[in-house]
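Protein chains: 2
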Amino acid sequence: MPRSDGPATRVAGAELQAFMQRALARCEVDDASRNAVAQALVTASRMGTDSHGLRLLPHYVRAVQGGRINPRPAMRFTRRLPGTGSLDADDGFGHLAGYTAIEHAIAMADEIGIGAVAVGRSSHFGAAGCYALEAARRGYVGLSVCTADALVSLHHGQRPFHGTNPIAFAAPVPDQPPYLLDMATSSIPWNRVKQYAAIERELPLGVAADAEGELTVDAARAVSLLPLGGADFGFKGAGLAGMVEVLSATLTGMVHGFRMLPMSGDDMSTPRGVGHFFLVMRPDAFVERDVYDRGMLDYLADLRAQPALEGREVLAPGDREWRCQAQRDAEGIPLDSANVVAYAELAEELSIPALP
Amino acid sequence: MPRSDGPATRVAGAELQAFMQRALARCEVDDASRNAVAQALVTASRMGTDSHGLRLLPHYVRAVQGGRINPRPAMRFTRRLPGTGSLDADDGFGHLAGYTAIEHAIAMADEIGIGAVAVGRSSHFGAAGCYALEAARRGYVGLSVCTADALVSLHHGQRPFHGTNPIAFAAPVPDQPPYLLDMATSSIPWNRVKQYAAIERELPLGVAADAEGELTVDAARAVSLLPLGGADFGFKGAGLAGMVEVLSATLTGMVHGFRMLPMSGDDMSTPRGVGHFFLVMRPDAFVERDVYDRGMLDYLADLRAQPALEGREVLAPGDREWRCQAQRDAEGIPLDSANVVAYAELAEELSIPALP
Chain A
1 MPRSDGPATR VAGAELQAFM QRALARCEVD DASRNAVAQA LVTASRMGTD
51 SHGLRLLPHY VRAVQGGRIN PRPAMRFTRR LPGTGSLDAD DGFGHLAGYT
101 AIEHAIAMAD EIGIGAVAVG RSSHFGAAGC YALEAARRGY VGLSVCTADA
151 LVSLHHGQRP FHGTNPIAFA APVPDQPPYL LDMATSSIPW NRVKQYAAIE
201 RELPLGVAAD AEGELTVDAA RAVSLLPLGG ADFGFKGAGL AGMVEVLSAT
251 LTGMVHGFRM LPMSGDDMST PRGVGHFFLV MRPDAFVERD VYDRGMLDYL
301 ADLRAQPALE GREVLAPGDR EWRCQAQRDA EGIPLDSANV VAYAELAEEL
351 SIPALP
Chain B
1 MPRSDGPATR VAGAELQAFM QRALARCEVD DASRNAVAQA LVTASRMGTD
51 SHGLRLLPHY VRAVQGGRIN PRPAMRFTRR LPGTGSLDAD DGFGHLAGYT
101 AIEHAIAMAD EIGIGAVAVG RSSHFGAAGC YALEAARRGY VGLSVCTADA
151 LVSLHHGQRP FHGTNPIAFA APVPDQPPYL LDMATSSIPW NRVKQYAAIE
201 RELPLGVAAD AEGELTVDAA RAVSLLPLGG ADFGFKGAGL AGMVEVLSAT
251 LTGMVHGFRM LPMSGDDMST PRGVGHFFLV MRPDAFVERD VYDRGMLDYL
301 ADLRAQPALE GREVLAPGDR EWRCQAQRDA EGIPLDSANV VAYAELAEEL
351 SIPALP
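Residue numbers (our numbering), protein chains in the order written: chain A, 1 to 356; chain B, 1 to 356.
Incorrect hints may appear among the rest.
Example chain B residues on the side facing chain A (calculated, C-beta under 8 Å, incomplete) [what the hints assert, rightly or not]:
id, residue
1, Q21
2, L81
3, I112
4, G157
5, Y179
6, L181
7, A198
8, E200
9, R201
10, P204
11, M243
12, G295
These stretches of chain A come out as covered by chain B in the derived footprint (C-beta under 8 Å, 3 or more residues) [claimed, not checked]:
id, segment
13, 56–66
14, 229–239
15, 256–266
16, 293–302
Just so you know, the hints here were simulated from the structure itself, not pulled from any lab data. Please read these numbers as outputs of a predicted model, since none were measured by experiment. Glycine included, C-beta positions come from ideal geometry on N, C-alpha and C.
Here chain A stands alone, though its shape is the one from the complex (with noise of 0.2 Å):
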């Protein structure tokens, strides 16, 4: 995902964190919605995960403010098994669904050895990522998977048809962060399509196809992305959003993605009926747990001393994120002006104190 560390306006985590707080509290959104989405999009932006981090506030606000999100769900969980259960989220924040299905899987994993959420009448619920690391921090095995609205094309067809419908996959590693992999099934985030054509910049070739389904480099002629795989093996993609839809969307009960309304569009009273789907293990449910433990430590040794090519790293899935992690959280998170437009003219809009 883009990344923005250039000369930029920076802030604390704790400042964002604090001002998010606020903006959601002016919207009536309950504390445990506030804090979940705080939580979840202030560890996105630490990470440098930008397109899922502070970038989304103006857009929660304004669909809280219209409706489409609820700001003070009463969400359900039914157990309706041992290991099993769902949780409909009564149209609240995707990021409070998220972290609650995460605590009663970690729960029924505690008694049983695993367990699996799903997760119906939810919202956009912000980087898959963080559910995922919710789980692996607390010593667990976790998998969290999101339908999205349509973007992206099937292999050799010609619209969008799946939602980037990402795969977030998360494991411990002894006294190191996570093993984190936080994917799209497409090559590229939409997001970036709009940065690109804003620039004038040529998109590479085989991520992303015009109004025909023809494969175009132009950014501004682009009105679809191509799965993971590309033209050749976009069948992999596809499969693997596939996947997510029937995880998400299929077993929670909620529309797949090509009948979802769009995330960005401008009806922002009627809620999306969007679908998570998440499952945590215990290790020793399996193996002891210093096998386990030694096994992690052994692989990413033996990965991370592969050589690599000429002035490139190789980095295990997460690598990335944490050397980010540790430089916003020394210099602050940064904001480009965009984001600090939007920022300021949120403070103004509520009447809230601006970010310093």
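We have chain A; now place chain B onto it with these hints.
Below, chain B without anything else, positioned relative to chain A:
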């Protein structure tokens, strides 16, 4: 995966299965292992997954004759917690380990909604799809993953590190064959590099690298595959391969692919200690079954109705396989010339009747 439906010797699935049974019986392979190997190989061959079908029998015969694979394993399942367990495959055939693990996972899912089994001390299990498919055929959502020896470089890496680490996911569809995704986390299988080298055909760009880790389209110079996503987005394929390592190697206490003895190596006497991981879920553990059923049908109907690029088709994962299976059930399973020779040699060596 490559298919060879041109002019070829064809054989009925039942004849093929009987031949496999005879060959393995001659190697003192027990009933359960013979049945599992024959079922998995014929399933793959019927579906057109030729890289993981009948082609593998001569290899398995060598492996069991050499002592790498235990022909009469005493596999031991330990249900460590109500939803999770480990299977010690006693160095037997991975196919028996796979079907056995799926049975245990289904039994746990029946009781508590979900079941996961980590398999250790196993061997090559053929096509990962066979085991996810077995779950889906019986009404469950199934996931099957497996590590393999190092053939795929890391993103920006110079040398092979991960195996082709497949991910297979299957889900039942009412009155239709299952949704079936079975993909390597590289763009192409190593097998294809060897085929292209043999016929001096160029590889697509971005799927393979030479000894220095530089991209090459010359199959004869390729020493590693690139992860899915190629030179630009291979961090996604590599991250998925890593997820498979965590599930199949770390959670099973087995070595990861980089340290694993190569499948095609000369040492046919040392067990390879392959690990697999299987997950099974009941759809009605999350949502009413009729809601799940309608959701799957709606999703697949919308998907298959998408407009395709000119001269192309939009397919759901599995559609190509079920079409191939219908054709091969009617016309027979093709053996290319190399397979015809290998099967004739096997019959002679083992003193068993040749394929008709």
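> Among the hints numbered above, which are violated by the structure, and what are their numbers in rising order?
Replying inline: 1, 7, 8, 9, 13
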